[in-house]
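Under this note's numbering, the first residue of the sequence shown is numbered 106, with each subsequent residue one higher.
Worth flagging that the hints you see were computed from the coordinates, not collected in a lab. Possibly wrong hints are sitting among the right ones.
Said to hold, decoys possible - Using 35 Å as the maximum straight-line C-alpha spacing, the simulated DSBU-like pairs for lysine-lysine come out as follows: (1) Lys-168 <-> Lys-231; (2) Lys-224 <-> Lys-179; (3) Lys-175 <-> Lys-224; (4) Lys-179 <-> Lys-168; (5) Lys-231 <-> Lys-175; (6) Lys-224 <-> Lys-168; (7) Lys-224 <-> Lys-391; (8) Lys-391 <-> Lys-175; (9) Lys-391 <-> Lys-168; (10) Lys-231 <-> Lys-179.
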Amino acid sequence: MLTISLKSHAFRYKLIDWVPVLLGVLTLYLPTVFDLFNGIWASEEQAHGPIILFLSLWLIYRKWPEMMIKSEGKSPSFFWGWSIFLLSLLLYIIGRSQQILIFEMGSFITVISAILLLKCGAGALKVMWFPIFFLLFMIPLPGTVVSLLTMPMKMAVSYVAENILFWANYPIARNGVILQIGQYQLLVADACAGLQTLLTLEALGLFYLNLVQHTSFFRNVALAILIIPISFTANVIRVIVLTLITYHYGDAAGQGFLHGFAGMVLFISALILILGVDSLLQLFVKARPASV
Numbered sequence: 106m107l108t109i110s111l112k113s114h115a116f117r118y119k120l121i122d123w124v125p126v127l128l129g130v131l132t133l134y135l136p137t138v139f140d141l142f143n144g145i146w147a148s149e150e151q152a153h154g155p156i157i158l159f160l161s162l163w164l165i166y167r168k169w170p171e172m173m174i175k176s177e178g179k180s181p182s183f184f185w186g187w188s189i190f191l192l193s194l195l196l197y198i199i200g201r202s203q204q205i206l207i208f209e210m211g212s213f214i215t216v217i218s219a220i221l222l223l224k225c226g227a228g229a230l231k232v233m234w235f236p237i238f239f240l241l242f243m244i245p246l247p248g249t250v251v252s253l254l255t256m257p258m259k260m261a262v263s264y265v266a267e268n269i270l271f272w273a274n275y276p277i278a279r280n281g282v283i284l285q286i287g288q289y290q291l292l293v294a295d296a297c298a299g300l301q302t303l304l305t306l307e308a309l310g311l312f313y314l315n316l317v318q319h320t321s322f323f324r325n326v327a328l329a330i331l332i333i334p335i336s337f338t339a340n341v342i343r344v345i346v347l348t349l350i351t352y353h354y355g356d357a358a359g360q361g362f363l364h365g366f367a368g369m370v371l372f373i374s375a376l377i378l379i380l381g382v383d384s385l386l387q388l389f390v391k392a393r394p395a396s397v
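Please model the entire structure based on the sequences and the hints provided.
As structure tokens, this is what we get:
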């Protein structure tokens, strides 16, 4: 009974010790999160932002007991912790005052890293490396980079979607990223087949890998690489679904509720493809020793 009481007291002490830190982080970044929800996160291209944030915080919560155990008795990294923390505050001030989202949102990641170093040491950062890395997917890329990489992707998705529907005997033609099916014209937008969609699906795949934690190095690396063509395939499926909805039910249906439904199809198809490819890789890994 005495041991349980001491452990409970120690847990409450550690929890109280983290409360000022949590309040400080909330004070700094709640205005940022509020602005994001009323800004870029309200757009279709960046709608994955809050999902990434929620999943990252859930991963941090999930790994918290492991972090506390591995950092027990270890010395905090004061030099690196304070150095990164002061640099993070500078990034936050510049980003917030000048509306540079990369600095403002990026500082959140480095602030968390600095706090872990200051409170628990380098061992805590090693445990939390993936949740912190995963937060990078919520930071929007510079517009020039997005524009440079998005157009070739949209062209490729449009080309594949056109050929599949043409093979299925649909009256379809293509001019660049514009699909003409029947009397309807559809522009393949950035949200349907752009770089941000690819990054979102890549994040989904990496999240899946982190959850399952396969022991096979080959299986992990192969699946991480194959997530890229899986993401491309899911984008093609979404464009085909939107094209068929518009052709059969009209432009209003294609741009209305069913447009959002096509977004769900994108992620569901990507998840099914990831699970299917992972199952095939499992069979391959099991068959390898038998073939030696």
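Unsatisfied constraints (hint numbers, rising): 7
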